[in-house]
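Protein chains in written order, with my numbering: chain A, 1 to 405; chain B, 1 to 358; chain C, 1 to 468.
Keep in mind that the hints are not guaranteed to be accurate.
Taking lysine to aspartate or glutamate and the EDC-like style, the derived pairs with C-alpha atoms no more than 16 Å apart in a straight line are [claimed, not checked]: (1) B:Lys-193 x B:Asp-234; (2) A:Lys-149 x A:Asp-183; (3) C:Lys-172 x C:Glu-281; (4) C:Lys-304 x C:Glu-342; (5) A:Lys-149 x B:Asp-299; (6) B:Lys-162 x A:Glu-251; (7) A:Lys-309 x A:Glu-274; (8) A:Lys-54 x A:Glu-274; (9) C:Lys-28 x C:Glu-342; (10) C:Lys-397 x C:Glu-48; (11) A:Lys-309 x C:Glu-441; (12) A:Lys-54 x A:Glu-251; (13) C:Lys-298 x C:Asp-327; (14) A:Lys-149 x B:Glu-53; (15) C:Lys-169 x C:Glu-68; (16) A:Lys-149 x C:Glu-328; (17) A:Lys-149 x B:Asp-355; (18) C:Lys-397 x C:Asp-98; (19) A:Lys-149 x C:Asp-327; (20) A:Lys-201 x A:Glu-251; (21) B:Lys-267 x B:Asp-234.
Simulated restraints on C-beta separations [to be verified]: (22) C:Glu-277 x A:Pro-60: 56 to 66 Å; (23) A:Thr-293 x C:Glu-41: 32 to 42 Å; (24) B:Glu-178 x A:Ala-57: 27 to 37 Å.
Hint data in this document are derived by calculation from the structure and do not stem from the laboratory.
All residues carry an ideal CB built from backbone N, CA and C; glycine is no exception.
Here is how the chains run, residue by residue.
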Amino acid sequence: MITPVFLISSMLLALSSTTADVSKGKDLVVHAEYLHLAPGELVRNALIQISDGKIAAVLPGRSAPVGAISVHSVMAGMVDASARTIPSNGAVEQSQEVIVNLSVTDALDLFNPAWDRLARSGVTTALIAPPDYNVIGGFTVVVKTSGAKRVDSRVVSGTPILRGAIGDIPSQGNSPAFGSPRDYFARRPTTRMGVEWEWRKAFFDAAQVERYPEMDFEGADVLRACLAGDVRIFIQAWTTADIRTAIYLDEEMQAEGYGDLDLVIDAGAEAWKEPDFLVRTGTPVVLPPFPATGRLGEQAFMPWDTGRKLIDLGVLVALSAHGETGLNGRLSTQAGYAIRGGLTFDEALACVTTNPASLLGVEERVGSVKAGMDADLVLWNGAPFSATSNIVGVVASGEVVLAPR
Amino acid sequence: MNILVAPILGALCAVSVDGGSLVLQADVVHGPEGPIENGRILIRDGKVAAVGEGLELPDDGHLIELEGHLSAGLVAMGDQTGLKGEELDSTRQVMDGADLAFGYDKTAKGWQAFLEAGVTAVLLTPKPGALVGGRTAVIKPAGAVVQRRAHLHVCFSTAAFKRGVAPASYPGAISMLEERMAAPVGGFALVSKGLGVLLAAKTRSEALRAVAFAQRHGLTGALSGVARAGDLADEIHAAGLGVILPPIATAADPRVAASAVALGKKKIPLSFSLGAASRSPHSLRLSAVRCIQAGLDRDAAWKALTSGAGEIANAPVGSLTVGHDADLVLWSGDPLDLASRVERVWIEGKQVHGDDDQ
Amino acid sequence: MKISSLTRLASALALTAIAFGGDSYAIKVGKIITMAGDPIENGIVLIEDGRITTVGEASEVQIPWDAEVFEAPDLVAFPGQVEACTSGGMDRTNESIDVAPFLDVVDSVDPVNFFFEEVLRAGITTLNVQQGNSTVIAGRGMIVKPSGMTVAAMMVRPQSGIKIAITPKRGKSRAVQLMILREAFAGLRRTLEGMVQDSEVGKDLARREALAQGRDFEAEEGKGRAMTGSGWVVEGLEAVPRASIDSKLLPLLDIVEGRISVYLVCSTPMDVLHGLEIARENGFLSQTVMLIGPTCWKVSDEIKAAGVRGVILPSTLEHTERAPFADEDTVTLLPTHFTEKEIPFALASLNSTTQSLWFQAARCVGLGVDREIALAAITSGPAEVIGLGNDVGTIEKGKHGNLVLFSGDPLSLQSQVRYVFIEGKMVYDRTTDTRLQHLMEGVEPEGTAADEPVVEDVHEEEREDGDK
């Protein structure tokens, strides 16, 4: 009678010890046949050990232990520098057309199901910006797309980034002040010229404070920090005319001796048309999703080899979903499309991981699979970005948010 | 203190207690310490003078033996009955000096239904639609104002944003509130001296912002209107706030009642709101029962209808505590049994609803 | 079988083409994915008079002396893909009349529509063009090839099917939609029964008259024909000459008698159930192709049991749903689900550039569907579904010489469609595709766009000054 009982218990013991070896209690182990540590760095048959939400170690040349998640390919969680996942109107303070002292952090709705979907699509870090109804909409925030539904625990601190727009959008919905203007819509710009003027005025006024302290106004310090290059500015500019305006603004500030803006062009669909503007100022570009017909917002036209052209000229490029949620718009699909447009795999990988991470100043924490970095992984059942591959799993900060079926 | 009663009640004032004292005895008396079998309540000068078992009848006293359960009247939170046209002033966004009590119309015809439902105290709140909608008040249906300044009502939901006027965004709203708190005057000065705040919100993220605001400034008060506040129980608990639950009576989503259960587990003070002037005051008890069905402790649900609500309303209502006004309800059975009827209602010791059988 | 005048016209045109054609082509490529057996390395496809005569290894196939030879040793030949149901390429897709089966798409197809250029660029060589979903019973569709300057030249098969929408258009209820639909068939039945009755009455008079005139009345009767509907029949219809039936009703009789395919639009599971019931009642279940919505996987068992001819999956291949009061999404992978249920399906393009058929097939593979099944779902599968299984969908003897030459794996993002052949003739050459160059590289075809205004770089001078 005693022997069989003993046998069973020893078997249980053996089983549990195997499990312990693999997963070390609460932590996770992922095995990849192909592990893309970072663009250009591929290792085979690698074991990724995860502890406390961070990558503890990467061990190449190992076979998959029993019980570990094992997939064809693994790469770093993607970073979307233009995710736009909080679409509520309450996210931008429209009562002034230039808002520099508020942050979109106070408008995050982490309970929105869109976050889960974004995380499952492989985007584990995202820049959230105020919607572009304002000329300058305020500070952006970089967050992890999954985890506790508490803002503090999700924020990834990086470069402070102010967000604004040039073009049509900030002037839409406003009305000229005929009759008796009742609300702020009557005061805001109604044309592209008006939008441009607001940008120039904001920085010009802030620069005057240096010489005439009595001209100080709320937010002048932030604008001066922008001129000093301490705050990065993301400007949404779809068309080449708007990109030109953004660059001229920067160059004008330089010419006047006011400072040098640290610009990034977001949604720069037509950056390919006059790339010299970006090249001579070293301005990076975040590209919107590739359109089926080439046509995008504000009638901008973006051909499929845009990424190729810009990278060849040395422009730093990041891809983005720009709020698109369908398969056609997903960030991983954009990387595939960019490859179709002529990018190499590694360039495409950089455009959705390390490049956007550096634009947000969070490259020390996310964007590549290295010990000590956040355990954000995208698990594929084939070569990443290939049309015949699918994202089968996602790990974010060490938690499995999409489990391989 | 005058109580305007409906004509049918005029004849019921046969039992006069002016000057003398009244002792009510019932099968069960829901006292502040719990139910008492065959308990008695001594009422003197319209106030509760004593509660217990086998209380001696004073010489000037008059004993009424009743069948059923005797309890404090229920407290309904967040109602706009009797505020017709006064529930929201659309001319400005911050009205920290406005008292809703001035908009209270005790002659409004809706109040009789409250008494019939056993509700003897109501927290009047503004309709969410301004950043700061005014100061809430506690009143007795068709009766007196009990608490003129119960809370400052602050709205953290999108209802606070009106097209064309600042604030137009969450960050803008919070920044406006912070400015006021930095140099407090008017209602904000009262808040910084201890006046509670009623934090109106809808979504959980709005609620988190509201709770963080309260905690930042060490405010007391309650969160109101958040269907799934249970997910934030830790934060609410840490901030020491109460919660006014939205009507659960008609909520289809089972997670709303489950949320109340989660709050109950953390011993967070709860109360129920009627939500809208058009909702029957009878639904208050139904909300509590739905929470019990979902697993809320019976005592917690009862407190949420009575004493707990009184505490959140910052007014001496909802309990048979000695010294409180004798606002009582006689139920045909256990008040948490929905089949139980309201048999009689007393306000300040005077019967204002029900049959007179003495 | 009754042949409409249009069909006759089309046949006549086809005959003409053959008469003038008689062309012989040989296409020699690095690899042929035939979709009818194993791929062939270094293969040759011989095409004569528009049809494939030989498929085989280069070493084993003799190229006829008069054949026009096209050699591309680096390219991969793949069957021209088949779009099983589309509303692209029409002048306007929808008709506001509820029941309009007497209309014909032939009057609406626009040969110079960019749509045909786009699908050709993606390697699609056969399209079943049907009206949009906003009618109850739509007009008759047609199968075309995306090449040719006239509708007649594009024609592959006229009157290829009729679209019936169970899902109502915006603003209409299902109750009304189904009322109209049922009434259409009930009305047909009533009309036919009335005609039979009238003919019974008239027959005696007619016979007497014929007798008086010395004619053989019974011989003239041959114009009618016994009804063959499997749902319901009208007894005595053989006595009614077909020509006397209102031509507006004839297409409906074609449906009931099984002569024309039905494309049933069912965007929700309930629509599927209603659709199957109506198809069963009126006897067109076996010639029904279902255009289903993303949620219709919920009634896949019913679809399987009904035995319809085919299912066309929605282009959103994943269905994401959140149950009321749930905190998590449920994701259903449609191609995987239908493969598991053993229901053959055809894929549909989401759009003609980024998510054309090949991309949809690639997505299926990513979602775990066997590669062969996925490839079949854009070639032989849809060919079967539209009733052209003997003509298109694979590269094998007897079929139309419709080939796409890819630069690599047809399902790779890096592959390009280099050439397309329809019935042996090259109809697409990437090197001359100027609109593609615009899309891929931003090169404006000459004379197609207004020149951008020249902008003077106002800072150039300043910078130069600075440099000094």
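Requested in this report: Report the numbers of all earlier hints that the structure fails to satisfy, in ascending order.
Outcome: 1, 2, 3, 5, 6, 8, 9, 12, 13, 14, 15, 17, 18 and 24
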